[in-house]
Amino acid sequence: MRNEIWIINTVGCINKVSENLAKMGNKLLHASNFDGVHYYSHPYGCSQLGDDLEYTQRILADLVHHPNAGGVLVLGLGCENNYIDLFKEAIGPYNPKRVKFMSVQSVEDEMEIGMGLLTEVFDYATSFQRENVPVSELKIGLKCGGSDGLSGITANPLLGSFSDRLIGYGGSTVLTEVPEMFGAETVLMERAKDEETFQDIVHLINDFKHYFIKYDQPVYENPSPGNKEGGITTLEEKSLGCVQKGGASPVQDVIEYGSRIQSNGLTLLQGPGNDLVSVTALAASGCQIVIFTTGRGTPFGGPTPTVKVSTNTPLYTKKKNWIDFNAGKLVENVGMDQMTDEFFEYMIDVASGNTETNNEIYGFKEIAIFKDGVTM
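In the UniProt record's numbering, the protein residues as written are 1 to 376.
Please note: incorrect hints may appear among the correct ones.
Stated by the list, open to error - Calculated pairs, DSS-like style, for lysine-lysine (alpha carbon to alpha carbon, straight line, at most 27 angstroms):
1. Lys-27 to Lys-16
2. Lys-88 to Lys-16
3. Lys-214 to Lys-318
4. Lys-371 to Lys-209
5. Lys-329 to Lys-318
6. Lys-329 to Lys-88
7. Lys-319 to Lys-329
8. Lys-88 to Lys-23
9. Lys-100 to Lys-88
10. Lys-27 to Lys-97
11. Lys-100 to Lys-16
12. Lys-371 to Lys-320
13. Lys-100 to Lys-27
14. Lys-193 to Lys-100
15. Lys-214 to Lys-193
16. Lys-97 to Lys-16
17. Lys-329 to Lys-16
What the hints assert, rightly or not - Derived DEER-like restraints, expressed as beta-carbon distance ranges:
18. Asn-333 to Asp-51: 21 to 27 angstroms
19. Gly-50 to Asn-333: 37 to 43 angstroms
20. Ser-352 to Tyr-211: 36 to 42 angstroms
21. Asn-20 to Val-202: 46 to 52 angstroms
22. Lys-318 to Glu-131: 48 to 54 angstroms
23. Glu-137 to Glu-196: 35 to 41 angstroms
24. Asn-15 to Met-336: 40 to 46 angstroms
25. Gln-217 to Glu-137: 39 to 45 angstroms
26. Val-219 to Glu-332: 36 to 42 angstroms
27. Phe-212 to Ala-248: 40 to 46 angstroms
28. Cys-79 to Glu-332: 42 to 48 angstroms
29. Glu-356 to Glu-332: 39 to 45 angstroms
30. Ile-361 to Gln-129: 33 to 39 angstroms
These aren't lab readings, by the way, just hints derived from the structure by calculation. Even for Gly, the Cβ is constructed at its ideal location relative to N, Cα and C.
Turn these sequences into a full structure, and let the hints steer you where they fit.
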């Protein structure tokens, strides 16, 4: 997949310190087996309470453990709620050669000390060489956004076909955006591997509906204006398109937001429909790559390679700097088997480092964290 250094800050107050260190690191640290230094800005880590703070800690801790990060520098300010010693408890066991920590208030020159720590984790990360592994090692996130009337006809069925093939080889895929399962949840429930998993899916759906009710919001405030303009008329239509990304494989597991993948096969992940939040959650769950289907188009990318698949050829032609693969050919006399073959080979090239996605080429690598609670 990738061999990068990730700078993870415990609190939003030091976003610019992370950004400046990443820029300096990318100027000074180079190797043929190294894919760059990346930072991930966010506004959280202080003035948070309860579950809200725990969500932040979970996601950031998961990113520290991410397999695409050959080295990690964790930056803290020093006075935040999510201070480094507390955050270490969320991280759990870690390799001290791979993960370094710095409290910015505790050092005289954070750029000098930080660059020294980046150099240490760079030396560790570049001690590894790319090697062949079976496709069963792949963990791929499945997401859609900016959907249109062709999403449920082209791109989402293509992802379902890809997912089934990867799972057939022993790999794993993860499906999230629970509010966009509303109305089509029985499709997933009927594929639960056992009664316990069936009940987990029921709770997954109902818990998210209760989340809407808790804040006195309409459960069915969907589809979005862009979806409607693109040809989607009802939530059920959108949901039936959404769940097609999971193919026809049995649902092996259901995991909470901020949890990591435990089972091979198809996993359902608790998460919202919001693109940035859900793609970040997919990456945090351990997905090395996220596939994102779209009929309207969007430039953003998560912390991992984010493969954009267009539902239609005009979007692919118009936004070559956003879109990586065109599923619109499925309505242009190209069959699903052929498209799945082409897409599977493309994904192997991305995973092998032979092909960069547009979000990597243009630096669109961002995170967003689920917010649920008061801000002090």
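Going through the hints against the structure:
no. : hint                                   : verdict
1   : Lys-27 to Lys-16                       : 17 angstroms, holds
2   : Lys-88 to Lys-16                       : 22 angstroms, holds
3   : Lys-214 to Lys-318                     : 42 angstroms, violated
4   : Lys-371 to Lys-209                     : 16 angstroms, holds
5   : Lys-329 to Lys-318                     : 15 angstroms, holds
6   : Lys-329 to Lys-88                      : 48 angstroms, violated
7   : Lys-319 to Lys-329                     : 16 angstroms, holds
8   : Lys-88 to Lys-23                       : 26 angstroms, holds
9   : Lys-100 to Lys-88                      : 11 angstroms, holds
10  : Lys-27 to Lys-97                       : 22 angstroms, holds
11  : Lys-100 to Lys-16                      : 19 angstroms, holds
12  : Lys-371 to Lys-320                     : 33 angstroms, violated
13  : Lys-100 to Lys-27                      : 20 angstroms, holds
14  : Lys-193 to Lys-100                     : 41 angstroms, violated
15  : Lys-214 to Lys-193                     : 31 angstroms, violated
16  : Lys-97 to Lys-16                       : 25 angstroms, holds
17  : Lys-329 to Lys-16                      : 43 angstroms, violated
18  : Asn-333 to Asp-51: 21 to 27 angstroms  : 51 angstroms, violated
19  : Gly-50 to Asn-333: 37 to 43 angstroms  : 55 angstroms, violated
20  : Ser-352 to Tyr-211: 36 to 42 angstroms : 39 angstroms, holds
21  : Asn-20 to Val-202: 46 to 52 angstroms  : 48 angstroms, holds
22  : Lys-318 to Glu-131: 48 to 54 angstroms : 39 angstroms, violated
23  : Glu-137 to Glu-196: 35 to 41 angstroms : 27 angstroms, violated
24  : Asn-15 to Met-336: 40 to 46 angstroms  : 44 angstroms, holds
25  : Gln-217 to Glu-137: 39 to 45 angstroms : 40 angstroms, holds
26  : Val-219 to Glu-332: 36 to 42 angstroms : 37 angstroms, holds
27  : Phe-212 to Ala-248: 40 to 46 angstroms : 29 angstroms, violated
28  : Cys-79 to Glu-332: 42 to 48 angstroms  : 58 angstroms, violated
29  : Glu-356 to Glu-332: 39 to 45 angstroms : 26 angstroms, violated
30  : Ile-361 to Gln-129: 33 to 39 angstroms : 23 angstroms, violated
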